[in-house]
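J.: The primary structure of each chain is shown beneath.
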Amino acid sequence: MFTPTVIGQKYRHFGALLLVAVLAPHPAFATLGEPETSVASDAAEFKASVKSMEQANYRVHQIQLPSGTVLREFAAPDGIVFAVAWNGPSMPDLRQTLGAYFNAFAAAAKAPHGGHHMLQVQQDQFVMQSSGHMRAFTGRAYLPQALPAGVAPDELH
Amino acid sequence: MDKFKRALACGIALLIGITTGSCGGGSPPGTSTTTTTTTTTVTPTSNVVAVTVDGGPSSNAVNTLYTTVTVCMPGSTTECQTIDNIQVDTGSFGLRVLASVLTLSLPVEQLSGGNALVECTQFVDGYSWGPVSTADIQVSGESASSLPVQVIGSSNFATVPSTCSSTGPAEDTVAQFGANGILGIGVFAQDCGPGCVGSGSPGYYYSCSQTACSPTAASLASQVQNPVPLFATDNNGTILMLPNVPADGAATLAGSLIFGIDTESNNASGTQTVLTLDESGFFTTSYNGTALSTSFVDSGTNGIFFNDSSITACSSSDFSGFYCPANTLNLSATLTGVNNVSATVDFSVANAETLATDNPTFTALPSLGGTYTSSTTTFDWGLPFYYGRRVATAIQGYTTSVATGPYVAF
Numbered sequence: 001m002f003t004p005t006v007i008g009q010k011y012r013h014f015g016a017l018l019l020v021a022v023l024a025p026h027p028a029f030a031t032l033g034e035p036e037t038s039v040a041s042d043a044a045e046f047k048a049s050v051k052s053m054e055q056a057n058y059r060v061h062q063i064q065l066p067s068g069t070v071l072r073e074f075a076a077p078d079g080i081v082f083a084v085a086w087n088g089p090s091m092p093d094l095r096q097t098l099g100a101y102f103n104a105f106a107a108a109a110k111a112p113h114g115g116h117h118m119l120q121v122q123q124d125q126f127v128m129q130s131s132g133h134m135r136a137f138t139g140r141a142y143l144p145q146a147l148p149a150g151v152a153p154d155e156l157h
Numbered sequence: 001m002d003k004f005k006r007a008l009a010c011g012i013a014l015l016i017g018i019t020t021g022s023c024g025g026g027s028p029p030g031t032s033t034t035t036t037t038t039t040t041t042v043t044p045t046s047n048v049v050a051v052t053v054d055g056g057p058s059s060n061a062v063n064t065l066y067t068t069v070t071v072c073m074p075g076s077t078t079e080c081q082t083i084d085n086i087q088v089d090t091g092s093f094g095l096r097v098l099a100s101v102l103t104l105s106l107p108v109e110q111l112s113g114g115n116a117l118v119e120c121t122q123f124v125d126g127y128s129w130g131p132v133s134t135a136d137i138q139v140s141g142e143s144a145s146s147l148p149v150q151v152i153g154s155s156n157f158a159t160v161p162s163t164c165s166s167t168g169p170a171e172d173t174v175a176q177f178g179a180n181g182i183l184g185i186g187v188f189a190q191d192c193g194p195g196c197v198g199s200g201s202p203g204y205y206y207s208c209s210q211t212a213c214s215p216t217a218a219s220l221a222s223q224v225q226n227p228v229p230l231f232a233t234d235n236n237g238t239i240l241m242l243p244n245v246p247a248d249g250a251a252t253l254a255g256s257l258i259f260g261i262d263t264e265s266n267n268a269s270g271t272q273t274v275l276t277l278d279e280s281g282f283f284t285t286s287y288n289g290t291a292l293s294t295s296f297v298d299s300g301t302n303g304i305f306f307n308d309s310s311i312t313a314c315s316s317s318d319f320s321g322f323y324c325p326a327n328t329l330n331l332s333a334t335l336t337g338v339n340n341v342s343a344t345v346d347f348s349v350a351n352a353e354t355l356a357t358d359n360p361t362f363t364a365l366p367s368l369g370g371t372y373t374s375s376t377t378t379f380d381w382g383l384p385f386y387y388g389r390r391v392a393t394a395i396q397g398y399t400t401s402v403a404t405g406p407y408v409a410f
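Chains H and Y, in that order, are what the protein sequence lines are. With the working numbering, letter number 122 in the first sequence gets 122, and the count goes up by one each step, no holes. With the working numbering, letter number 77 in the second sequence gets 77, and the count goes up by one each step, no holes.
Bear in mind the hints are in silico, worked out from the structure with no lab data behind them. Nothing here was measured: the structure is a model prediction, and the numbers come from that model. From the three backbone atoms N, C-alpha and C, an ideal C-beta is built for every residue, glycine too. Wrong hints could be hidden among the right ones.
Stated by the list, open to error - Just so you have them, the derived chain H footprint on chain Y, three or more residues with Cβ under 8 Å:
hint, segment
1, 81-94
2, 158-167
3, 201-213
4, 272-282
5, 296-304
6, 371-380
Claimed, not checked - Here are some, though not all, of the chain H residues that point toward chain Y, as calculated from beta-carbon distances under 10 Å:
hint, residue
7, S67
8, P89
9, T97
10, A109
11, L119
12, D154
13, L156
Start from the sequences and build out the full structure, keeping to the hints where you can.
T.: Take a look at the structure:
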């Protein structure tokens with residue numbers, strides 16, 4: 001059911017895309033709630049390898065970051081990223097990855113929660129779970145109201 | 001650790017009709033009770049340091065363990081500072097102290113070329129930015145010389161690189177951090193380890209000039225160190241002993257942190273269950289028929305966090321992420337190490353909101369539980385796991401009479 005294709009190499013020589021990525025203020029991967037179009041150019045900038053896998057109701061871009069952390073972005077048929085997940089030795093760039101939802105994460109981090117190794121956000125529009133310790137982090141975030149039909153939250157990891 | 005405390009503080013405030021500045025993290029830093037001591041000699045008398053569960057520096061913590069550490073200028077036995085409210089954390093590695101409570105000007109680690117080594121410590125709820133500095137430290141009778149420690153929130157390195165600040169909100173003050181510092185005594189000897197030796201890519205370490213910082217590799221010796229392996233003899237791990245706690249909780253707890261395993265008469269292994277851990281420090285918890293392979297024991301988490309969709313989650317936003325069952329539930333799970341040794345552990349989950357409101361002054365709550373997602377394989381055994389137990393944490397590569405670390409035993 002998975003059809004992996006490596007697309008990082010394919011885009012790496014596209015000078016225009018690379019230039020845009022280099023000029024971006026932050027390491028830019030596709031962002032929760034936004035179109036998936038930047039994945040390829042971002043992969044080129046960071047020499048990250050990307051595997052894209054087609055599922056029945058969505059597409060997963062699995063990005064191997066130079067930090068060793070693996071970031072997965074789930075895009076709906078309309079191209080909007082509706083979930084992200086990560087695991088590895090470092091936290092990903094959550095400001096970029098969560099986009100407009102970073103502030104909700106930051107607010108939850110200052111509100112009651114389990115501590116420096118356990119954080120959850122449970123809102124109508126935004127759900128996030130993040131846990132782990134130095135050397136081994138795991139987490140995910142998704143937009144409950146943007147899940148494609150037939151997609152269960154448990155699939156998103 | 002830092003944060004359910006605020007749920008309690010906020011819940012209590014609502015209950016008794018007062019407002020506090022601590023709801024949502026806006027509380028001012030707790031008054032530091034640090035003192036500068038002048039001592040002529042440091043006499044090792046013991047491998048045991050007192051630990052307490054209490055409200056911490058902002059008087060709003062629950063299930064959070066604190067101790068006291070003495071920090072000295074390298075090579076000095078007179079220029080020392082004893083700092084209390086240092087959180088004891090088996091889920092991190094290394095000593096970190098908030099700059100706002102530190103009265104010593106510890107020397108910053110210099111890289112070749114004269115740049116300073118500065119760290120972006122990553123937690124799941126934020127980052128802590130500050131220089132790696134060198135200190136001699138004492139905890140009870142144990143000491144470590146020239147220990148790389150992190151000074152969080154130093155005004156000398158006020159500009160945080162965007163690659164660090166993009167991982168979360170800042171935790172650079174006592175109020176944000178929930179402690180005057182943190183003593184990370186988990187299973188690893190360095191915070192990052194081999195992953196940061198050849199590359200700056202993990203984003204833990206930065207080389208900073210007067211004007212700019214860039215990611216840098218850091219040798220194992222230059223990384224922030226778990227101090228335990230640097231102790232003279234009691235250096236293969238630790239044992240945490242906390243008393244049993246009544247189901248409803250307790251106002252405070254007093255326990256012991258013992259250094260070394262099978263190195264002294266007071267830290268023998270005995271006949272406990274030894275669960276060896278994988279290279280990330282994880283073991284497997286089987287709960288409700290599901291094997292959760294990235295489970296961990298962590299004195300730095302304030303509850304037992306796991307997925308069980310049949311247990312009612314709290315509806316109040318002040319208790320978001322915690323369980324609120326109508327009646328206290330008696331549950332059990334089986335923990336299995338990489339060595340295939342298993343132990344069944346009983347635990348309870350009570351209504352978090354009721355716990356907070358029935359006994360608003362209690363800071364030790366053994367049946368505090370929290371939700372987690374079934375999409376991952378994590379079962380987080382926080383501080384309540386330690387209540388009524390003697391839990392050994394053996395450091396990776398270090399041997400005791402029963403096994404080689406990393407392991408936990410109880």
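J.: Run through the hints listed earlier and report the numbers of any the structure violates, in increasing order.
T.: none
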